[in-house]
Amino acid sequence: MAESAIAHDHGVSHGAHASSTGLSNNKMGMWMFLGSECLLFGGLISTYMLYRGRVSSGPQPNNIFDIPFTSVSSFILLMSSLTMVLAVSSAQRKDDRNINLWLTITALLGATFVGGQVYEFTAFYREGLGFTTSLFGSSFYALTGFHGVHVSVGIIMLIALVGMNRNNRIPGDKAEVVELIGLYWHFVDIIWIIIFTLVYLIPS
Amino acid sequence: MSTATTHEEATENHEVEHHGLSDKQYIVIALILAALTAIEVSTYYVDFGPFFMPTLLILMVIKFVTVVSYFMHLKFDNKIFSYLFYAGLLLAIAVYCGFLATFKFFLKQG
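Here the protein sequences line up with chains Z and L, keeping their order.
Residue numbering for the first sequence follows this note's numbering, beginning at 1 and increasing consecutively.
Residue numbering for the second sequence follows this note's numbering, beginning at 1 and increasing consecutively.
Honestly, the hints are just simulated from the structure, not real lab data.
Since no wrong hints were added, every one of them can be taken at face value.
Which residues of chain Z face chain L? A few of them, derived with a C-beta cut under 10 Å, are:
1) T21
2) G22
3) M28
4) S46
5) P68
6) L86
7) I193
Restricting the straight-line Cα-Cα distance to at most 30 Å, the calculated cross-link-like pairs of lysine-lysine (DSBU-like) are:
8) L:K24 to L:K75
9) L:K75 to Z:K94
10) L:K79 to L:K24
11) L:K24 to Z:K94
12) L:K79 to Z:K94
Please read all numbers here as calculations on a predicted model, not as lab measurements.
For each residue, glycine too, the CB sits at the ideal point set by N, CA and C.
All chains, full assembly: derive it from the sequences and hints.
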């Protein structure tokens, strides 16, 4: 009884499989995955930092970035973290209607962000910055493109979650499933916090 | 009166313990993050002089830690989750600072 109470307080949700540590295996796996993702994005960010001044041809970073536009995109992604945490909060209260509402809003905000990124890439391409134009272009598109793919995967997971929740087909503990997808979503947000500062706001 | 109050307090405590924070508190944190982002963006328009780089880096770290601690509940969850995540993060920082130092990145900045 006491062990069960301790397990509940320390990260095991109802119905989750507990490991020998008393913690949810799923949650532990997600945190390990996010820790390893830091290495992936660390490599991409540091490569960009190294190459951002290497412009043999094509536009320079400071001439091409549209800071007001990217600031709005960043704000949208930041607010999607709020709607995601409200979805997690609703799931913990077993408030099904609000779970779907907040998850849908989060997916829409994420889609707006990705749409903005597609627009930005198109504008940059038209201004002469292709993937192979310069080392700056290659490292910039690789970094922001990888991030965009992560956001897109997150949107697919959110839409799938809404569909599964509507049909009552979420396996195991619903609150934990929503929380795990929420962790992934917040992670793409914190990576963007770093990218926005190091890539866009700090000039090369 | 005391029984009712105790029951309400217990429910509230249970909610806070289970969720980490209330919805209102999450909104307040989001507003703080929005304000910090506005300060970040203002560095593009206003000359911060020698404080430009430190201001941006400090704001970035504050925003990062705030999202991880409160929105990702790491502050309220088991410490093992913090160790798993921050171990990966610190390893990445160490590896890539070494990588950048190998290419004399920091010397060029200075």
